[in-house]
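Going line by line, the protein sequences match chains A and B. Numbering-wise, our numbering puts 226 at position 233 of the first sequence, and it's gapless, one number per residue. Numbering-wise, our numbering puts 932 at position 98 of the second sequence, and it's gapless, one number per residue.
To be clear, the hints were calculated from the coordinates, so they are not data collected in a lab. Mixed in with the good hints, there may be bad ones.
[Stated by the list, open to error] Covered stretches of chain B (chain A as the covering partner; in silico rule of three or more C-beta atoms under 8 Å from a C-beta of chain A): (1) 920 to 929; (2) 981 to 989; (3) 1262 to 1271.
[Said to hold, decoys possible] EDC-like mimics (lysine to aspartate or glutamate), calculated; alpha carbons at most 16 Å apart, straight line: (4) 865(B) x 112(A); (5) 1072(B) x 31(A); (6) 865(B) x 265(A); (7) 651(A) x 620(A); (8) 1072(B) x 266(A); (9) 1072(B) x 265(A); (10) 865(B) x 27(A); (11) 865(B) x 38(A); (12) 865(B) x 109(A).
Where a beta carbon is used, it is the ideal one built from N, C-alpha and C, also for glycine.
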Amino acid sequence: MADAVEQRPGATVVPDPGSEPHDSSRTHVTGRSEYVDDRPMLPGELFCGLVYSPFARARVKSLDLDRALAVPGVICAVTAKDVAHNLWGSIFVDQPLLAEKEVHYAGEVVAVLGAESRDALAKGLAAVQVAWEKLPAIRTIDQAVAAGAFIGSERSIARGDASAALAAAPHRLSGTVVIEGADHFYLESQAAVAYPRHDGPMEVHSSTQHPTETQHVVAEALGVPFADVVCIARRLGGGFGGKESQAAPIAAYAALVARKSGRPARLAISKDEDMIITGKRNPFQIRYQVGFDGEGRLLALQAQLHSDGGAYADLSTAIMERALLHCDNAYFIPNVQVQGRVCRTNHHPHTAFRGFGGPKGVAMIESILEDVARTLGKDALDVRRLNVYAPGRDVTHYGQQVENNCLPELFDALETRCEYRRRRADIERWNVHPANNPRGLSMTAVKFGISFTTRHLNQANALVNVHRDGTVQVSTGAVEMGQGVNARIAAIVAERLGVPTVAVRLMVTSTEKNANTSPTAASSGTDLNGAAAAAACDRIRARLAGLAVQLRDIPGDQWPSRVGGLGTHAELRVGDTAPAEPVTFADGRVTVGGFSLAFAELAREAYFSRISLCDYGHFATPHLGFDKVKGQGRAFLYYTQGVAASEVEVDRFTGEVKVRRVDMLMDMGRPVNHALDVGQVTGAFVQGMGWVTTEHLFYDADGLLVSHSPSTYKIPSVQDTPRVFNAELVFNPGNTVNVRGTKAAGEPPLLLSLSVWTAIRDAVMSVRGRRTGHAELVPMAIPATAERVLRALEPEAFATVEAS
Amino acid sequence: MRDHALLHVNGVPCQVRGREAFMMLADWLRKTKGLPGTKIVCAEGDCGACTVLRACETPGVEAGSAPRFDAMNSCIALLAQMDGAHVVTVEGMQAGEELAPAQEAMRRCHGSQCGFCTPGFVMAISGMLEQHGPGPVDARCARNHLTGNLCRCTGSAPIVEAACTVRVSERHAVRPRYATAAALAASRAAQAESMLVEHDGFRFFAPVTLREACTFAAEHPDLRVVGAGTDLGVPVNKGRPMARSMLSLHLIPEVHESRLTRSAVQVGARVPLSQLRHLCDEAVPEFARFLDLFASPQIKNVATLVGNIATGSPIGDTLPFLLVAGGTVHVASRPGGKGPVQRRAIPMTDLYRGYRQLSLQPGEIITHVTFERTAPQQTVRLFKVSQRKDLDISTVSAAYAVTWQGKRGRGPRQIVEARVAYGGVAATPIRLAEVEQALVGAFDAARAEQVAELIARSIQPLSDVRGTAAYRSVLAANLFRQFAGEVLHG
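The shape of chain A in the complex, shown without the other chains:
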C-alpha cells in the first residue's frame, strides 16, 4: 500500500496546482489600486500634521498654538481640550489620544494641525511652541522591574511540579534570552481621511486592520454614538499587526480636525513620524532554567518572561499571554512553570506584530534545545526529534491536546529533503579550517495556535449578495492587506455556490455593512470571515436548492420569470432548510437528479419568486475553552505546523551574516489558493529574518528613536533573500475543524525564521568551541546584528579595544 504511506499527513509535498493571482494583482501592477492617501483631494480638504514629544517623559509646561494658527493657510488646531473622551485602549482604556499635562514617550502626540496646503502645514508645525520639562524616564525592562512599573497583573501557566523536577533532573541549564523589538515597516505609513458628512455620519477612510475599533475610537473622541461614524478600509499597504490598534488614533486625529473645521481632513504621516510615534514588537527578556536527562529529553522548564510594554497597555498583556502559550512550541515538557509580566516603560506603546508574542516563547525553547544538544555533544536535530510532540506525549502545558499533529513527519521529511546529515558533515569539515568563514545549520519548528486567545474576538459576520445574473458580492469585516484574504474568501464562496471565482467580488470593508467585527489579525482573517461567508452561502444555497427541486417539475415556459409579472400562477415558496434530495452546485450550474440549470438562471427565478438572494452569516469559533486565570484549557481551535532548516555563513572579519540556504515545509491543511499560502510562508520567513538579523532599533539618550527610516533601519532587501529558498506545503486533509480544511498562514511561518538565529549561534558556538576546546554556550541577543556576531566571535578583540 505505497499510497497509504504517501498519504501520511506531513510526509507528502503538494505542488502548486496553478493558483489564481491575487485578486488585486492587475490594479497593483498598473498603479490603480487605491490606498487612503491616493484618494483625490476634495475642495477645501485639509492636510493634517502632528505635534509630538521629543522626550521619553516630560511635563508639558505650555503649548502655544497661536503663532501656528497665524500662519496663512493653517485652519485649525486640535488639542486634548477638543476630545470628548480622551482615553482609549483595546484591552485597558489607559491611553490619551492627545496628551495634555505630561507625555510618557517620545512620539506622544499633543496637538494636531490642519492646513490648506502642505507648505502652510510645514510652516505651522514649525511655529508651534511647546515648553517641555524633561522628567526621569524608565527605558529598560530592568529599570521597570526595579521600579515595580508594570501593566496588568502577572500571568502564569503551570503543569506538574517544575521545581521538584528541576531539582531531580540529571542535567540543568539556565540562561537569559534578550529579544529586542522590531518595526513593522509596512510600506504604507498610517493614514486616514475623514469626511464630515453634514447630512450623515462622519465617514473615515482608514488604513486600519480593525475598522470596528477605529469606528468606536473615532466616535468616542467626537462624543457621538457609534452609529454616527462609518469606518471604511479598502486595502492596506501592509499591516503586520501595526495597524491593529494603532490605526485608531490616527483616524481620530483626522476626524477631530474634520469636525472642528467642517472640512474633509487627511492625515498621512511620513515614514519617519510613523516609526517614531507607533509601537513596535515588544522587547522581551526571558530568564529560564531547564532540566533534562542524558539523552536530551526535557524534564522541566521554569521561565520568567518580562516584556517592555511601552507607556500604555495597548495589546501587550495579550501578547504576553501568547508568549506563555508558546513556550513549549513543538515540544513536550512534562513539568512547566512559566510566568510573564508586562513592564511599563517610557517607550512607544508596543503592539501586535506578526506572531504576537509567540515568537518570544519559541525563541527561548529553540535556543534551549540547541544548548541542551551542545552540552550533551549531540546533534540539535536529534534532541528536537526526541522532544517533539508525539502520540502519548501530546498534551500542552495548558492542557490542550495537540490534534492533527504532523510535527514528527515534518521533521523526518525535511531532514531528508534538505539533506541535513550530509550538510551537517560538510559544515563540520568546512569549519575546521580557520581561514573559512564559519557556517551554521539549524532546523526549528513551529506549532502556532490558531484562534484569538480572547474568546469573544473569535466571531465574524458576512453579507453575501447574489445578483440576478449569478454574480456575487461579498462583504465581510476582513481587511485586505496583501495577505489575500479577499481572494481566499472569494474562492470559498465560489466553491460553495459552484460559480467561477471571477463571478465573486469582495466589496470594500466598511462598518456600515459589517459591524462588531474583530480585527484582521491572529492569522484568522480567512478562518473567521470565510466561515461567516460560507454560512451565508449555505442559507442562500438551501433556498436555491429548494427552488431548483420545484423548478424541475415545472415546464420552462411557466417558470416564475415568464409568468411572475402576470401573477397567473401560484408563487413558489421555499423554506430555509435545504431539501432532502441532494442538489449540487458546481461549474456554474445547479443539478438535482437529472435536471440541471445555470446558477444565473436559478438566481433569476428566485428573484421572480420573491425568494431572497442575499444573506448574512455569523460565525463563532466552536470548541474554545481557555480559562485565562487558571491558564488551562483549549486555547486554540487548531495548530498550524511547520519546520525549517537554515544554513548561514558568518564573515569572520566583520560579523556579517549571509543566509545560504533555507528549506521549509509547512502544513497548510488543504489550501484554497496554493500560491497565496506560499507567498505568506516565504514573506513571513524573510520578515522574521530581518527581525533576528539586521533590524535594529536605536534610541537616543532622550528616548527618541533614531533609526526611523530605511537608511538606518534595515529590513531585508532582494539581496538578502536566501540564495536557495525552498518553501513547500505538505498534504494534510485532516484539519476538519476549520473552514474548508484550510489552515491559517499569516503568522506561523514567521516563527521559523528563528532557525536563522539558531544557525548563527550554531556557527558562532562551533568556532568558539573549537578555539576553547570545550562546548561553550554563547548567548546571542535578537537581532544578531553583525556587531553582536563579531563580538561573540572575538570577545577578546573587543575587550582590548574597549580597555584602551
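With chain A held as given, fit chain B onto it using these hints.
Chain B only, in chain A's frame:
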C-alpha cells in the same frame, strides 16, 4: 531666459514654474498630475516605491540616437531639476489594456501582495529591460537591478523570479513610445536657453555656460550647487530648510564629459555613477566592482561622483578610494563676478576641513574630478561594512592601495608605497599616514598583524546608530587583516 522647466510626463509636455518647480517630482505626480500610482514611502531614496523612468539628453551633444530610460527615485528630485527630462510613470507602461511585460511578470509570479511597493518594482524591472535589452536575465543581474526597492510582504523571491522571466514586448518598449522626435526636439529647443525659476524667495538657476554659472555663484554666497540632488531632496523632505539659491549645471556641456587618459580618469560634475562605472571597467577594476556594491540603480543613474565629494560625508562611499587614488578636485570661479573664469585644482587629501566642511572658497564650483588609473604594480582594494550588505550606509569603509617592488618571488614582497584610507572612523574620511609608513618594506603575516593593531590604535571612532566605537575599531583592523590575507595568500 526661461522662467520654467520643461519636462515630459508619459509623453505630455509640462512647463513648470513658480511654486510647482520647487515640489518634489513624486509629490507633484501624485497630488498635481493625478498620477497616484507612484508611491512615497521613505522620501529619502531608500525604498524605490517612487521609481519612475527618466531619459535625458546631454546638452551640446548632436542629436543622435534617442537617450536611454533609466530608473530613478522621484521622491527626492526637485521638479526644477527635471528640466529636459522625459519621465514615464507606472501609469504610462500599459499599451491600451494590455499589461507591460514587467506588469505581466509581476502578476504571473505572484510578486505583489499588499501592492504598495509594486509600482516601484514594475518600474525598476522596466528600467532593467531598457538597459539590458531582450536577452535572458539571471538572478544575480535581476537582484542588482532591484537593490533599490524594498518589499515587506513577499520576501522578494517571486519578484526576482518575475524579473528573470519577464518577456520583452516591442509594443511596450519605452524609448520609441516616449522619446519621440517631437518630444526630443521640444526639450532640445528649451535646453538651448538658460533657466531661472523663482518662488517665494527661492531661486533655481541653470545657465548654459560656465561663465554665467560662476557669475551667479559669485553673486550668491548662500548658493547651493545642485547636482543630481540625491542628497538635497532628503533633508528637504525631512523638514530642513532648502537653500534659497540653487545652481544647476545641467545645461553646461563640459560638465557632462568624462574620459580616460593614459594614467588618469576624468569625470565631469554631471556624469552619473552608472556611466562612471563603465568608464572604470578596465581602468580601475576594483572601483568598478565597488560601484556595483553600493547604492541602488535608481541613485546611481542620477547621482554623481562630484556630488559624493561635495557632500563630504565621513561615510561617503567613494571617498576612501579617491583619497588613495590621488583624487583631485577641479574648481572654477569668477571672483567678484568679473573677468575670465579662473580654475584651480585641490588634492582630495586637502579637501576636507571638518565634518562636511570643504576647503572651497566662496563662489567656487566643482567642474570635474580626476583620479589615477590603477598601475600594473599596484594592488587596490576597497571594503565597506554595513548593517545590511546592500544599499546601506557604511559603518566603516576602507581603501588600500599598495605599490609593490618587483614581481612576486620567494620571501616577503616589498611595499614601496602604501596608501590607507578609512571612512566612518572620524569626522571626515581620513588617510592614516603612520600606518602607511609602517607598511613600507617587507610585507609578511607578522607585519600585517602589527599594522592591524596599529590601525586600531590610530583611530578614535564614535558610537552611533550603525555601531559602537569598539566595533568600528575592531572592523578597521579586521578589514586590514582581510586585505593582508588576500595579498599574502590569495
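Quick rundown of the hints versus the structure:
Counting residues of the stretch 920 to 929 of chain B whose CB lies closer than 8 Å to any CB of chain A gives 5, so the stated coverage by that chain holds, three being the minimum. For a cut-off of 8 Å, the count of residues in the stretch 981 to 989 of chain B with a CB near a CB of chain A stands at 8, and the three-residue condition holds. Counting residues of the stretch 1262 to 1271 of chain B whose C-beta lies closer than 8 Å to any C-beta of chain A gives 0; at least three are required, and the coverage claim is violated. Restraint check for residue 865(B) and residue 112(A): the C-alpha separation of about 13 Å stays at or below 16 Å, so the hint holds.
Of the pairs offered as hints, the one joining residue 1072(B) and residue 31(A) is violated, with about 21 Å between alpha carbons and a cut-off of 16 Å exceeded. For a cut-off of 16 Å, the pair hint linking residue 865(B) to residue 265(A) is broken: about 20 Å separates their Cα positions. Among the hinted pairs, residue 651(A) with residue 620(A) is inconsistent with the structure: their alpha-carbon atoms are about 44 Å apart, more than 16 Å. For the proposed pair residue 1072(B) and residue 266(A), the alpha carbon gap of about 10 Å is at most 16 Å, so the pair holds.
Note on residue 1072(B) and residue 265(A): the hinted pairing holds, with a Cα-Cα distance of about 8 Å set against a maximum of 16 Å. Taking the CA atoms of residue 865(B) and residue 27(A), the gap is near 14 Å; set against the 16 Å cutoff, the hint holds. Of the supplied pair hints, the one linking residue 865(B) and residue 38(A) holds, its CA atoms being roughly 13 Å apart against a limit of 16 Å. Restraint check: the Cα-Cα separation between residue 865(B) and residue 109(A) comes to about 13 Å, which is no more than 16 Å; the hinted pair holds.
Violated hints, listed in ascending order, are 3, 5, 6 and 7; each of the other numbered hints is respected by the structure.
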